[in-house]
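Undergrad: Sequence:
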Amino acid sequence: MGIKKRYEREFQLLNVGDIVWFYATSPIKGVIGLGVVRDRYIDNRNLVWEEELSKREVIWPLRFRIQVLKVIVPEHWNTDNIDISDFNLFWQRGFQILKDEHLAILIKRFENTFGIFISEDIYTGATITQPLVVKEKLQVYKGKKIIEKPYINHRKLQEILAEIGKLQFYHTQIEYPIDLPGESKNIDVVWKREISGVPTIAFEIELSGGIERAITRLKFAYMQWNSRPRVVIPQKFFKKVNNVIATEGRNFSQQFKMYEPDLIVQLFNKKR
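The numbering of the sequence shown is full-length UniProt numbering, which starts it at 1 and goes up by one.
What the hints contain is simulated information worked out from the structure, not anything from laboratory work. We put the beta carbon where it would ideally sit given N, CA and C, even for glycine. Hints may contain errors.
Unchecked claim - Pairwise CB distance ranges (calculated): (1) Gly209 to Ile28: 32 to 40 Å; (2) Asp100 to Lys55: 36 to 44 Å; (3) Ile178 to Lys240: 18 to 26 Å; (4) Gln254 to Ser208: 24 to 32 Å; (5) Gln168 to Trp225: 15 to 23 Å; (6) Lys55 to Glu248: 49 to 57 Å; (7) Leu98 to Gly182: 43 to 51 Å; (8) Thr79 to Ile195: 19 to 27 Å; (9) Arg45 to Ile105: 36 to 44 Å; (10) Lys55 to Gly197: 24 to 32 Å; (11) Gln255 to His102: 42 to 50 Å; (12) Asn153 to Asn88: 14 to 22 Å.
What the hints assert, rightly or not - Think about it this way: if two alpha-carbon atoms lie no more than 27 Å apart in a straight line, the pair counts; the simulated DSSO-like pairs of lysine-lysine are: (13) Lys55 to Lys5; (14) Lys236 to Lys185; (15) Lys55 to Lys156; (16) Lys270 to Lys257; (17) Lys257 to Lys240; (18) Lys239 to Lys185; (19) Lys270 to Lys185; (20) Lys29 to Lys55; (21) Lys219 to Lys240; (22) Lys5 to Lys29; (23) Lys219 to Lys257.
Required output: the full structure, derived from the provided sequences and hints.
TA: Put into structure tokens, the structure is as follows:
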């Protein structure tokens with residue numbers, strides 16, 4: 001990214017490792033994600049952006065690189081953006097340093113919306129996602145210590161798969177839209193090498209055993225982008241999955257893998 005020389009004071013306050021918040025002004029007004037500064041430098045020689053190339057001059061010399069951490073998918077901007085209209089910021093300035101009190105409020109709102117905390121464990125990849133509902137908690141009873149294992153639902157598994165992908169330096173997206181005739185459901189989770197690229201690995205989660213349509217979506221992703229197909233499904237449905245996969249083409253079948261939900265959770269706990 002680059003900013004104009006008039007923002008030099010703010011630029012000097014920007015440090016590697018700082019959090020950068022993404023604010024949209026159209027078609028909605030609100031925070032839609034965040035990233036972390038990975039590099040900052042001044043470049044008065046190299047032309048990078050289209051406008052600079054056409055005018056043959058450097059317009060944005062104050063430059064920095066951002067690693068995207070969390071971004072709300074555009075179709076959910078209207079309902080899931082984080083409102084900060086009460087901050088009374090001057091939006092004619094496109095680059096601003098937040099006051100400490102505003103930052104504390106924004107972090108709290110982010111944590112409430114996404115269900116995760118601002119900490120070092122989110123600095124390892126990128127997730128394009130919808131906000132997460134409140135996380136399940138372990139219940140501890142007095143007397144004899146009994147810890148109730150939380151039920152791992154569909155949404156929780158989506159988040160876990162996204163986080164595993166981040167830990168392996170993929171860019172991940174939950175509810176990835178596909179243009180499949182007669183199908184209104186998105187692919188549950190995808191991992192991508194590039195944030196704007198096509199899915200490298202596609203995951204479907206089927207806890208109730210309805211595997212046929214899930215495989216249809218994965219086959220679509222495989223045919224469209226050569227995405228490696230993965231299914232998370234209880235072990236009791238493995239035989240059913242194998243029967244369905246046996247009717248598919250050899251190349252798709254060889255790429256296909258399935259995992260138990262508990263195995264995904266165990267893998268996540270080992271990696272973090």
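Undergrad: What hints, given by number in increasing order, does this structure fail?
TA: 12, 15, 19, 20
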